[in-house]
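Protein chains in written order, with the numbering used here: chain A, 1 to 195; chain U, 1 to 195.
Take these hints with a grain of salt, some might be off.
Remember, identical chains collapse to one label, so a pair may be satisfied in a single copy or spanning two.
[Stated by the list, open to error] Derived DSBU-like pairs (lysine-lysine); straight-line CA-CA distance at most 30 Å:
{"hint": "1", "residue 1": "K132", "residue 2": "K156"}
{"hint": "2", "residue 1": "K122", "residue 2": "K132"}
{"hint": "3", "residue 1": "K51", "residue 2": "K132"}
{"hint": "4", "residue 1": "K51", "residue 2": "K122"}
{"hint": "5", "residue 1": "K51", "residue 2": "K156"}
Hints were generated in silico from the structure; no laboratory data involved. Keep in mind that this is a model prediction, so the values were computed, not measured.
Each chain, letter by letter, is given below.
2 protein chains.
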Amino acid sequence: MARWRPDARERLVVAALDLFTEQGYDNTTVAQIVERAGLTRSTFFRHFPDKREVLAAGQDTLSRLLAEGIAGAPEEATPMAAVEAGLENAAGVFTPFNRELAPRLGAAIAASTELQERDALKQVGLAAAMTKALRERGVPDPAAGLAAELGVLAFKTAYARWSRQENAQGDDEQGMAELARSALHELRTVATELR
Amino acid sequence: MARWRPDARERLVVAALDLFTEQGYDNTTVAQIVERAGLTRSTFFRHFPDKREVLAAGQDTLSRLLAEGIAGAPEEATPMAAVEAGLENAAGVFTPFNRELAPRLGAAIAASTELQERDALKQVGLAAAMTKALRERGVPDPAAGLAAELGVLAFKTAYARWSRQENAQGDDEQGMAELARSALHELRTVATELR
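With the rest of the complex left out, here is chain A (with noise of 0.2 Å):
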């Protein structure tokens, strides 16, 4: 797989994961992003609105990309294959970028109160997003909410396992979309047997 390059809007993801980590997400400012990232005011405002979009704009395409695979899953789909539909449409967008973003994701999370609080808002809203997807199929509650967080869960638990391949190379690579059916049948499985 070629090396990653990184393009101006990953340069400014970069830059700015590493001084929420360093000074913390409340202290860092646009401008040192934009001098960190080696570009201008005026490129960051064309690819974010603010600071804070830095780290949402991946959110709603997350979101977006899991409603639509449910929604896209053949009428007769059962629930968890609806879900597991959605896992797979998402998982198209984790690039070797993503990848090689994620240590500098947990550290800037794991350094910061507030980013942890984005981060579980995200979760939240990601199972919101299914949730809703799963009822427009007609889905009864509380099946839908249910298959919603396995979803969630095995997104959560194939993302921790995807980012922490960094040696693996070609055939021993897995990929996200791989990675997240096996983690959703194994969640379905422990769901079954749960006493």
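Fit chain U to the known structure of chain A by using the hints.
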């Protein structure tokens, strides 16, 4: 059941929620809350360190009671039986005051993005507290996380049902413990049958 008679703490909570609903969380000051409650600033600060804690105080108690109930379940209890013990332990703090408060709390949350975020964080906090308590009993991942999510969903369902029972009296009335138990059993059945 005797009608609830508010003490100073409860009057402050009611006044705060009404003001959050009417004019937003950000626009509400401690001075306005004490004026509405007919109390003094020093009374407010005897009960709460700041405005934020008017809402947050209950959450810490709830997390602690859920975790203590899980920790105190018999050694041989299954993960779901431990979650049930947690819910029962927490159900004890739901008073007639909490029920009278429920519509106000719902209105304040519906009116404020900040309170919606706080509510989402509360759910994540409850799930984290239960997951930790289950792991400490030796429940492995992902079963611990999954059982905790079922516990949170059961709690939310039970609270919604309990707070809607406004006109129930005496024998017709179901307590929070009973509602939480039946919601949890319902969810476990759904989880077992999820396809």
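Which numbered hints does this structure break?
none
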